[in-house]
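Modelling step: build the complete structure from the supplied sequences, incorporating the hints.
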Amino acid sequence: MADELVLGGHRFTSRFILGSGKFSLDMTRRVIENGGVQMATLAVRRASSDGEGNILDHMPEGVTLLPNTSGTRNAEEAVRIARLARELGCGDFVKIEIIRDTKYLLPDNRETIRAVGMLADEGFIPMPYMMPDLSAARDMADAGAAAVMPLGAPIGSNKGLLTKDFVRILVEEIDLPVIVDAGIGRPSQACEAMEMGCAAVMANTAIATADDVAGMASAFRMAIEAGRLAYLSGPGRVLDRRAEASSPLTGFLGEPR
Amino acid sequence: MRRWTDAEDYHDTMECIDSDVMDTVLEAVRGYEPDSYTESDVRRALGGDPGVEGFAALLSPAAAPLLEEMAVAARDETRRHFGNSVCMFTPIYTSNHCDNRCVYCGFNCDNDIRRATLTPEQVESEMGAIASRGLREILILTGESRTRSDVGYIADCVTAATRHFSTIGLEVYPLNTDEYALLQERGADYVTVFQETYDPVRYAELHPSGAKRVFSYRFDAQERALRGGMRGVAFGALLGLGDFRRDAFACGLHAHAIQRRYPHAEISFSLPRLRPYKNGPSGPAPVGEAELLQVSLAYRLFMPFAAQTISTRERPGFRDGIVGLSATKISAGVSVGVGERSGTEHGDGQFEISDTRDVDEVAAALRGLGLQPVMTDYVRL
Numbered sequence: 001m002a003d004e005l006v007l008g009g010h011r012f013t014s015r016f017i018l019g020s021g022k023f024s025l026d027m028t029r030r031v032i033e034n035g036g037v038q039m040a041t042l043a044v045r046r047a048s049s050d051g052e053g054n055i056l057d058h059m060p061e062g063v064t065l066l067p068n069t070s071g072t073r074n075a076e077e078a079v080r081i082a083r084l085a086r087e088l089g090c091g092d093f094v095k096i097e098i099i100r101d102t103k104y105l106l107p108d109n110r111e112t113i114r115a116v117g118m119l120a121d122e123g124f125i126p127m128p129y130m131m132p133d134l135s136a137a138r139d140m141a142d143a144g145a146a147a148v149m150p151l152g153a154p155i156g157s158n159k160g161l162l163t164k165d166f167v168r169i170l171v172e173e174i175d176l177p178v179i180v181d182a183g184i185g186r187p188s189q190a191c192e193a194m195e196m197g198c199a200a201v202m203a204n205t206a207i208a209t210a211d212d213v214a215g216m217a218s219a220f221r222m223a224i225e226a227g228r229l230a231y232l233s234g235p236g237r238v239l240d241r242r243a244e245a246s247s248p249l250t251g252f253l254g255e256p257r
Numbered sequence: 258m259r260r261w262t263d264a265e266d267y268h269d270t271m272e273c274i275d276s277d278v279m280d281t282v283l284e285a286v287r288g289y290e291p292d293s294y295t296e297s298d299v300r301r302a303l304g305g306d307p308g309v310e311g312f313a314a315l316l317s318p319a320a321a322p323l324l325e326e327m328a329v330a331a332r333d334e335t336r337r338h339f340g341n342s343v344c345m346f347t348p349i350y351t352s353n354h355c356d357n358r359c360v361y362c363g364f365n366c367d368n369d370i371r372r373a374t375l376t377p378e379q380v381e382s383e384m385g386a387i388a389s390r391g392l393r394e395i396l397i398l399t400g401e402s403r404t405r406s407d408v409g410y411i412a413d414c415v416t417a418a419t420r421h422f423s424t425i426g427l428e429v430y431p432l433n434t435d436e437y438a439l440l441q442e443r444g445a446d447y448v449t450v451f452q453e454t455y456d457p458v459r460y461a462e463l464h465p466s467g468a469k470r471v472f473s474y475r476f477d478a479q480e481r482a483l484r485g486g487m488r489g490v491a492f493g494a495l496l497g498l499g500d501f502r503r504d505a506f507a508c509g510l511h512a513h514a515i516q517r518r519y520p521h522a523e524i525s526f527s528l529p530r531l532r533p534y535k536n537g538p539s540g541p542a543p544v545g546e547a548e549l550l551q552v553s554l555a556y557r558l559f560m561p562f563a564a565q566t567i568s569t570r571e572r573p574g575f576r577d578g579i580v581g582l583s584a585t586k587i588s589a590g591v592s593v594g595v596g597e598r599s600g601t602e603h604g605d606g607q608f609e610i611s612d613t614r615d616v617d618e619v620a621a622a623l624r625g626l627g628l629q630p631v632m633t634d635y636v637r638l
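Residue numbers (our numbering), protein chains in the order written: chain A, 1 to 257; chain B, 258 to 638.
It is worth saying that the hints were derived from the structure and are not from the lab. Treat the hints with caution; some may be incorrect.
Derived Cβ-Cβ restraints for the label pairs, each shown as a range [unchecked claim]: (1) Asp435/B to Gly8/A: 42 to 48 angstroms; (2) Asp615/B to Ser233/A: 54 to 60 angstroms; (3) Ala285/B to Met131/A: 29 to 35 angstroms.
Over the 12 angstroms line for every Cβ pair with chain A, so calculated as not near, a few chain B residues [claimed, not checked]: (4) Arg287; (5) Glu296; (6) Val593; (7) Asp634.
Built from N, CA and C at the ideal position, the CB exists for glycine as well.
Now the structure itself:
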């Protein structure tokens, strides 16, 4: 059976979600192809329906759009952006980004929980960007989220999985895909998230700030696939304190017991 | 009433808000000695988040030999926060009538220039001409005259702009909170006010009459704008009017203090410096390109998430160099006169521009630099 990522009833074989906006639009197609990307975000505030620089014109066929609500500060604004995205023909997925802080761009979990419920009621498929907080993630799941998208580190920081222990708790406790959304700066970090059991990784800055944007997209695809395969293969456990002989110390006991 | 910075009393129409930002900022600036910093202070500032002390070092003369290192660090921050996006916009001057006598400004009411205020029909046709070039962000500017361009007039300009543009900024005289609220309701979301110089003594010399003499009323404008519901505010010192290092330091601290108190606000810096203007001499303390770049890089490293706008006062080569390093916003197809685009009316300009390229030329230059021109980055809700 194929290993598929299921989000709101939609099936994906790729677990690399691409963020857009930080690299030139004419690179979009190559990045998507090299990354094997099947879902890509777009900022509704950038997706003008006319004029130059419309990212919708650069998205290859078959890529599922994940419009985000960047720029919104509360649930009501997020709902209005989501409706606008639907009118623009971006479908029902919506990545909820509600931010009341322009310095670190950290998400507001409380407003995000409200938005998940409101959007789910209107038939959207809500994918909330969040601080990895267990209670908030449970509330989002109850409110109708299709996944939770905890940050690994502040967005754009390329610092990696600083929130690793908290993301791991979500992976263990939440019965929804857990998608690491921000802060992943290296393919190795994406691989680490996937090995832990995250369902997918989203990246933008890591790709956009590489010298070779398309090359880095390929590297992320491979790292995410490797991490997923490692997770499915059941990684060997990590010993805490001491080495363990590969043959048991009691192997000399010859008599069957 | 009159606060300690002010050369004259508050006018009856002026609102005084309860805020400690000005006193906090000016107190910190008073203790700033740019010559007291060393190369190692600058290197420390380049090693991580510089903080206020590091910002002070980055603006100091000791940082000048390390401009290249600053540029490398700033470019990395800019790419991290903005990718390769550069926002494009253009200003529209709808009136050049002014009640002030700013000694450095072309709009000074004593200057013998052609004055004009566009009628609503003319505003409409100017905006149509601008929008036809593909721009979606506009900055509405007027001279500082509450009689010739009153708040109702500005509101009508904003309403006209909503028919053509997705992002509307204002660079008009400072207003009260309720007036900002009215303009926000009509469709404006961003407010720019330049303090010109943050030295109250120098400020009083440069502004011998007019409402602008009330330093603190101007200083509090961004705060009133945010309280009135604006999404973002821009700060700027007109570098060269006073000691540019101290003015840039004050401007950075001003923006920083506002961001601390209004964390949702979008913060932006503008980088104007004194250029030749009509009917007057050039400024007392000229700022070269290297100094201007130093200020821009210091702003970027101090507040890496804040936008920066580079003026058409600068030549094309300089503007093309600074975008991507630290500037994230560039004007194009600029006319600083009144009514020049549609040719309906004509008023003289505020200053001389050095970059006369149109929208397509600037966009092509950006693409040539590996940057992506962004026409709209905002949906008004």
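Range hint 54 to 60 angstroms (beta carbons of Asp615/B and Ser233/A) holds or violated: holds, 59 angstroms
Distal placement of Val593/B relative to chain A, Cβ over 12 angstroms: Val593/B is indeed farther than 12 angstroms from all Cβ atoms of chain A, at 25 angstroms.
Non-interface claim for Glu296/B, where every Cβ of chain A lies beyond 12 angstroms: holds, 28 angstroms
Range agreement (Cβ of Gly8/A with Cβ of Asp435/B, hint 42 to 48 angstroms): holds, 45 angstroms
Outside-interface status for Arg287/B - nearest CB in chain A farther than 12 angstroms: The assertion about Arg287/B holds, with a minimum of 26 angstroms to chain A.
Assessment of proposed distance window 29 to 35 angstroms (beta carbons of Ala285/B, Met131/A): Holds: the Cβ-Cβ distance is about 32 angstroms, inside 29 to 35 angstroms.
Least C-beta distance from Asp634/B to chain A larger than 12 angstroms: violated, 6 angstroms
Checked against the numbered hints given earlier, this structure breaks only hint 7.
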